[in-house]
Amino acid sequence: MVKFSIKDLNIWFGSAQALKNVSLDIQAHEILSVIGPSNSGKTTFLRTLNQLNALNTHLKMKGAVLFEDKDILKIDVELLRRKVGMVFALPLPLPLSIFDNVAYGIKMQGVKDKKQLAPRVEEALKEGHIWDEVKDRLSESAFKLSGGQQQRLCIARTLAVKPDVVLFDEPCSGLDPISTARVEETMLKLKEKYTIVLVTNNVKQAARISDDTGFMLLGELVEFGKTKDIFTAPRDKRTEDYITGRYG
Amino acid sequence: MKRNPHLTQKIAFFLLLMATLLIVVPVGLIVVIIIQKGLPAINWQFLTDIPRQGMRAGGIFPAIVGTAYLVGGAIIFALPIGLLAAIYLSEYSKENVLSRIIKLAIINLSGVPSVVYGLFGLALFVVFFKFGASILSGALTLGIMILPIIITSSREALESVPDSFREVSLSLGASKWQTIRHIVLPNAVPGILTGTILGLGRAAGETAPILFTVAAFYLPQLPGSIFDQVMALPYHLYVLSTQVPNVDEKTRYGTALVLLLLVLLMNLVAIIIRSKLRKNKKW
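Residue numbers (my numbering), protein chains in the order written: chain A, 1 to 248; chain B, 1 to 283.
Simulated from the structure, these hints should not be mistaken for lab results. Backbone N, C-alpha and C define an ideal beta-carbon position, used for all residues, glycine too. Do not rely on the hints blindly, as some may be mistaken.
Within a straight-line C-alpha distance of at most 25 Å, the following computed DSS-like cross-link-like pairs (lysine-lysine) qualify [claimed, not checked]: (1) K74(A) to K279(B); (2) K279(B) to K135(A); (3) K60(A) to K276(B); (4) K176(B) to K107(A); (5) K176(B) to K83(A); (6) K176(B) to K162(A); (7) K279(B) to K60(A); (8) K126(A) to K83(A); (9) K112(A) to K10(B); (10) K279(B) to K144(A); (11) K107(A) to K94(B); (12) K62(A) to K20(A); (13) K126(A) to K70(A); (14) K94(B) to K114(A); (15) K144(A) to K276(B); (16) K62(A) to K94(B); (17) K70(A) to K276(B); (18) K74(A) to K276(B); (19) K114(A) to K176(B).
Quick partial rundown of chain B residues pointing at chain A, CB under 7 Å, derived from the structure [what the hints assert, rightly or not]: (20) T8; (21) I11; (22) N43; (23) K94; (24) L98; (25) S160; (26) G173; (27) A174; (28) S175.
Residues from chain B that face chain A, not an exhaustive set, calculated with beta carbons under 10 Å [claimed, not checked]: (29) E95; (30) E159; (31) P162; (32) R166; (33) E167; (34) V168; (35) S169; (36) L170; (37) S171; (38) P186; (39) N187; (40) T242.
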């Protein structure tokens with residue numbers, strides 16, 4: 001089943017073009033990773049999927065992005081963002097307690113009753129593989145956690161809203177290898193329930209965990225296909241140069 | 001000649017220290033002199049009695065109450081409006097020429113002399129709206145005077161909340177208003193309070209605007225409604241110092257001390273609230 005279908009997507013910020021004719025399909029229950037050097041448009045691509053780009057007043061968009069066969073511009077934006085969650089590059093806890101961080105998205109849907117919130121918070125924290133570490137300190141500030149814990153808390157916070165798709169924007173760029181491994185492990189488990197789009201600077205990470213991989217360069221989707229194929233037999237010279245480390 | 005970096009540094013430190021002292025010393029002197037000369041006048045009667053014998057004896061209670069009413073009224077009027085305007089300017093208005101002109105105009109308004117606000121209050125509230133010389137006219141005039149201060153500082157407080165918090169909140173499906181209400185505002189409260197403190201102090205101390213719109217020369221009774229005139233501390237101080245012969249020096253300085261303490265007390269309350277909120281703040 002196709003979750004997202006992107007057709008000839010072009011995006012400009014002011015006069016600078018960030019995406020050029022990007023077309024691809026994102027299958028349900030897969031990990032799709034997008035790799036490429038900085039400034040290649042990966043994050044712009046990701047932020048299109050939950051309409052966070054729309055915050056930029058200079059945005060110009062052409063082409064179509066379909067979420068479950070519906071144009072995302074015609075979906076209520078709050079509803080879209082509940083279905084398409086996002087984990088940011090740096091751990092960004094809100095200035096609230098651990099519990100309130102995870103409960104935030106549910107509360108914003110109007111659930112106020114603590115008896116209803118508590119089990120959902122627990123469930124999300126378990127899914128984010130951080131429950132055991134925080135279960136005794138839920139009322140503490142989220143800022144007291146370590147960087148890796150904060151990032152898993154952010155994952156749990158995203159999952160608490162019960163999305164269909166989770167977007168990861170270089171989620172391990174600020175983490176050490178052990179924390180990275182734990183986040184990757186979490187992502188692999190999440191795949192069973194969610195569709196995952198992962199933007200990463202770490203080529204090896206993409207090779208380790210993703211099903212499909214897209215390589216972007218200067219706003220262009222240079223190559224897109226099964227991760228296996230991209231990493232063993234890239235068709236484009238530029239892809240080969242990048243994944244073997246000969247690029248930029 | 002080769003320059004000695006250590007010597008240069010020492011000279012620079014010395015100059016910076018001198019500049020700081022230059023500010024601290026006069027302020028300290030003012031406070032010390034006022035306390036020294038005014039403290040003997042402070043007693044229970046001075047604080048709670050009405051002025052007697054042509055203001056040469058008795059107390060200043062009506063003026064204290066009047067100033068409290070005026071400052072309170074000004075804040076009740078200016079804080080909600082100022083905050084809403086600040087939210088609009090910081091969160092909703094698009095960055096364009098018009099919004100930039102509005103922001104610039106508001107900043108400049110805080111530099112308009114208070115006597116001009118007095119004249120404006122007289123024309124608008126006292127004469128046009130027929131509120132007369134009253135607490136209402138005075139409080140509204142003071143409120144308009146401190147609006148720019150509150151708007152500018154609140155806007156800066158709102159804008160200093162990191163955008164990443166907004167993005168996280170939105171990405172979790174919160175609406176824009178929910179984001180402002182639950183994330184942006186709570187984190188901007190300390191800054192907003194700072195602006196309010198500045199406004200409070202200014203409203204309490206200004207003489208010109210209330211002279212035009214509310215202040216009574218001598219009114220030894222408490223106001224019955226917001227359409228009554230009141231005495232106010234800054235104006236009372238002026239009257240005591242220049243209009244009434246043979247007033248004890250300590251009475252004048254006592255009045256000044258009370259005004260100073262009143263502003264200090266209001267600031268203290270705001271500072272305590274702010275530090276309480278900061279303690280709750282988790283970043």
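So which of those numbered hints doesn't the model satisfy? 1, 3, 7, 9, 11, 13, 14, 17, 18, 20, 21, 22, 24, 25, 30 and 40
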